[in-house]
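Given chain C, put chain H with the ligands in place with the hints provided.
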Amino acid sequence: MKIVVCVKYVPDATGDRHFADDLTVDRDDVDGLLSELDEYAVEQALQISENSDDDVEVTVLTVGPEDARDALRKALSMGADRAIHVEDDDLHGTDAIGTSLVLAKAIEKAGFDLVVSGMASTDGTGGIVPALLAERLGVPQVTLLSEVSVEDGVVKGRRDGDAASEQLEARLPAVVSVTDQSGEARYPSFKGIMAAKKKPVESWDLSDLDIEAEEVGLDGAYTKVVTAAQRPARTAGTIVNDEGEGGKQLAEFLASQKFI
Amino acid sequence: MAEVLVYVDHADGVVRKPTLELLTLARRLGEPVAVALGTGAADTAAALAEHGATPVLTHEAAEYADYLVVPKVDALQAAVEAVSPAAVLVPSSAEGKEIAARLALRIGSGIITDAVDLEAGDEGPVATQSVFAASFTTTSRVVKGTPVITVKPNSAAVEAAPAAGAVEALSVTFSARATDTRVTGRTPRESTGRPELTEAAIVVSGGRGVGGAQNFAIIEALADSLGAAVGASRAAVDAGWYPHTNQVGQTGKSVSPQLYIANGISGAIQHRAGMQTSKTIVAVNKDPEAPIFDLVDYGIVGDLFDVVPQLTEEIKDPREMSGSQR
Ligand SMILES: Cc1cc2nc3c(=O)[nH]c(=O)nc-3n(C[C@H](O)[C@H](O)[C@H](O)COP(=O)(O)OP(=O)(O)OC[C@H]3O[C@@H](n4cnc5c(N)ncnc54)[C@H](O)[C@@H]3O)c2cc1C
Ligand SMILES: Nc1ncnc2c1ncn2[C@@H]1O[C@H](COP(=O)(O)O)[C@@H](O)[C@H]1O
Numbered sequence: 001m002k003i004v005v006c007v008k009y010v011p012d013a014t015g016d017r018h019f020a021d022d023l024t025v026d027r028d029d030v031d032g033l034l035s036e037l038d039e040y041a042v043e044q045a046l047q048i049s050e051n052s053d054d055d056v057e058v059t060v061l062t063v064g065p066e067d068a069r070d071a072l073r074k075a076l077s078m079g080a081d082r083a084i085h086v087e088d089d090d091l092h093g094t095d096a097i098g099t100s101l102v103l104a105k106a107i108e109k110a111g112f113d114l115v116v117s118g119m120a121s122t123d124g125t126g127g128i129v130p131a132l133l134a135e136r137l138g139v140p141q142v143t144l145l146s147e148v149s150v151e152d153g154v155v156k157g158r159r160d161g162d163a164a165s166e167q168l169e170a171r172l173p174a175v176v177s178v179t180d181q182s183g184e185a186r187y188p189s190f191k192g193i194m195a196a197k198k199k200p201v202e203s204w205d206l207s208d209l210d211i212e213a214e215e216v217g218l219d220g221a222y223t224k225v226v227t228a229a230q231r232p233a234r235t236a237g238t239i240v241n242d243e244g245e246g247g248k249q250l251a252e253f254l255a256s257q258k259f260i
Numbered sequence: 261m262a263e264v265l266v267y268v269d270h271a272d273g274v275v276r277k278p279t280l281e282l283l284t285l286a287r288r289l290g291e292p293v294a295v296a297l298g299t300g301a302a303d304t305a306a307a308l309a310e311h312g313a314t315p316v317l318t319h320e321a322a323e324y325a326d327y328l329v330v331p332k333v334d335a336l337q338a339a340v341e342a343v344s345p346a347a348v349l350v351p352s353s354a355e356g357k358e359i360a361a362r363l364a365l366r367i368g369s370g371i372i373t374d375a376v377d378l379e380a381g382d383e384g385p386v387a388t389q390s391v392f393a394a395s396f397t398t399t400s401r402v403v404k405g406t407p408v409i410t411v412k413p414n415s416a417a418v419e420a421a422p423a424a425g426a427v428e429a430l431s432v433t434f435s436a437r438a439t440d441t442r443v444t445g446r447t448p449r450e451s452t453g454r455p456e457l458t459e460a461a462i463v464v465s466g467g468r469g470v471g472g473a474q475n476f477a478i479i480e481a482l483a484d485s486l487g488a489a490v491g492a493s494r495a496a497v498d499a500g501w502y503p504h505t506n507q508v509g510q511t512g513k514s515v516s517p518q519l520y521i522a523n524g525i526s527g528a529i530q531h532r533a534g535m536q537t538s539k540t541i542v543a544v545n546k547d548p549e550a551p552i553f554d555l556v557d558y559g560i561v562g563d564l565f566d567v568v569p570q571l572t573e574e575i576k577d578p579r580e581m582s583g584s585q586r
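Line order of the protein sequences matches chains C and H. The opening position of the first sequence corresponds to residue 1 in the numbering used here, with each subsequent residue numbered one higher. The opening position of the second sequence corresponds to residue 261 in the numbering used here, with each subsequent residue numbered one higher.
Everything labelled a hint here was simulated from the structure, so no lab data went into it. Fair warning: this is a prediction, and the values are worked out from it, not measured in the lab. Beta carbons: idealized from backbone N, C-alpha and C, even for Gly. What you were told as hints is all true, and nothing was included just to trick you.
Straight line, CA to CA, 27 Å or less: simulated DSSO-like cross-link-like pairs of lysine-lysine:
hint, chain 1, residue 1, chain 2, residue 2
1, H, Lys404, C, Lys224
2, C, Lys2, C, Lys199
3, H, Lys404, C, Lys105
4, H, Lys576, C, Lys258
Distance windows between CB atoms, simulated:
hint, chain 1, residue 1, chain 2, residue 2, range
5, H, Ala461, C, Arg231, 18 to 28 Å
6, C, Asp89, H, Gln474, 53 to 63 Å
7, H, Ala477, C, Glu184, 22 to 32 Å
8, H, Ala499, C, Lys191, 29 to 39 Å
9, H, Ser344, C, Glu214, 24 to 34 Å
10, C, Asp89, H, Ala426, 49 to 59 Å
11, C, Gly15, H, Ala461, 27 to 37 Å
Extracted from the complex, chain H is given alone in its bound form:
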């Protein structure tokens, strides 16, 4: 069976969920071979084996953290040369896409970015993409070289499939360009304790209607009652009410959760681009004409300052709710 290279996104050995989703998709195409780089690479093996990685190729070197992108391209290229895979899958993060693009160019292959699904086809993998702010769905194939495909988070359900997962050292020689762009400082993001925006099953977002930074507390309270991640529209981010890392939309994160709750968000095309593929969409907005209502499964026309706290209370204290059920 053909081998499929999967680039592992991990933090000091802890594998991020999108990589496990990639392993699920990779198994549709062949036998997954994982590539884990940098500090803690070998620690990823157990989680990867549980999800179907046969060997886990690892390489640790300071270059992966100290220089931008190119060392990782060098390593992935070494893995392609060692394995001759049928396809290369990379998580669709900003960095993942850059790594994949440079790799594709080096190995003379085509690249498809931001796939939301992947199937085996007679002429190689067929990737589904969601384009024009998710108003169109396309399927594409790479027609030259080894398909290099980046896949968005939440594109597949993670399935366990225990495999050998033996750790093998990958031999990497860094290129002359590897040390071109130096990382001279790094400030890690503070953890909020909430789920990752792109990985969360539920996202609760606030927009300009939230009206101020302090008011985001009511959005956070609703999110916490549901174990959800918090998102924001660009209007709320530009106003300085919430960090840019939480922005949902074209120039922020693209999310595809089971449930998306938009509060005080009008639903501009650039916002829709980042949330339109959510399974269930709910909105609270005081303007019945707001375009967000075209997308919703359930919408409340009302003031979010009344509706959101009441909803949060109901979730935290369902006894009262059973009283109001018909």
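Next comes chain C alone, as it looks inside the complex:
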């Protein structure tokens, strides 16, 4: 069985994230890392592999700038077998529709029985790439799972929605996404980190995937950011030390604001 895990390299959420002059996410001046939410995807792929009687190959795939290689290294040190890095200057500014095109072409080229991705990227937070991949690849979408298993060519999982918790089932090949409720991701071991150095990382560009530059990037995007403004800092509020009357003072504040 071949599993492809989609992982994204994202700016650190605890750092100072901002926009570049062309209103794309600034990736040059900010520290990046493997999206924490995609660590869950790597973890579930590794568990599916460990629980399978078949030979399973876990490939991690990223579309991103040169530094995105760090995300692949981390996933390899967690235990993935090989990595693919799609990198091309023309990809700068690609939106979700374009990203899904590149990922889908790369997944097809790599070959797959199962695609595993995270629930959302921590920078864009769209949460739509997995559904777009299923649509493009023409395979079942089994997404937002907090529990997942694969047996006899069937993927099963639990999707905890707002109105109900659902049990889902589909035949492979399929696209799966997992949530941060699916189980903590493992830490890379020292052995894993050493082993990762020897694992193959392939590099593909747009021509390797038969994609024209106009189909992606800022110019190929289906959406355009018109303005981006830092949210004005909230005006400093009143802070009171509780000296025994804190609850009453808070009630007065709520009354003054007509909440009670």
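Chain H with the ligands alone, transformed into the frame defined by chain C:
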């Protein structure tokens, strides 16, 4: 006037509030045409008409409940082909975003997710989004195809605007992929009787400082005195003190109520991502350095076990409070 397709989120015919908000926003762009699918679809018509839906296109079939997402994409695509709308609006739930994304791809259009506001523009709708944990506000447009936009709850005030709301049957042919992912079991959420977290006007949340599952009773008591929904930080959810459905933040719900009260929550960036756009923010935390205090309109540095029960009592019994007012 151009027509704007609005995807209706409903439970057996009862329309959820975010859909009514969408109708308000849709009217800024054109004439709303509603699409309601599944059991009880036709029952949505009265509520939708009251809020401005001209026709309500309906289709009932078992597939909508028995298979994931794709049957709904098929139906929405049929509606787009029948109506040729100027835009398609979908509530920004997890499922809503997936439906919208697949639809956009099929009809060759761009998609904007999680809009918090929407205006008509010379070159089509302009969507406002709140990004990077609400530290930036952006405006965007779809530049190819029919704009498909998902909109977060609490993005607009619901306004009544009576319209015809005639029910029309939508004709839908399911695609080969419609029955790919089977729903083999469904456990409905138990209702707590409290308002929906994302729709509530007031949210009262508890974090690690609450210290245990039983202690959430004092958070619930405060919430009930205000008619509020209860939220929790991920630390409280991961500890097993409160259900994940109540988690506020990046990987939980994003809320934008009139009033948010954070109790024993430090205010990590991922938590802020889900509550920073609340109108009024109040916090109770014993650490004066907690980052949550950077956001508050009113903050109490103190032990929540003293402050929260006292507040609840004051709300339930305001006589005493008037005594303490200056
Ligand atoms: C990818 C990712 C996604 C995440 N998603 C979310 C998310 O959706 N939602 C979320 O909330 N977090 C999320 N987190 C986790 C987040 O980073 C924080 O760890 C979490 O929000 C901390 O929760 P907390 O504030 O309750 O706990 P803590 O940070 O431990 O804070 C507890 C606070 O309680 C105060 N306190 C303790 N006792 C008392 C008392 N008796 N009275 C008053 N105050 C008291 C303390 O002073 C402290 O400030 C995510 C993290 C990652 C990496
Ligand atoms: N550039 C990318 N490279 C690899 N995987 C990605 C990329 N963008 C998104 N994904 C995958 O799609 C998921 C959802 O992303 P999004 O729709 O952007 O929120 C992520 O958790 C990743 O698994």
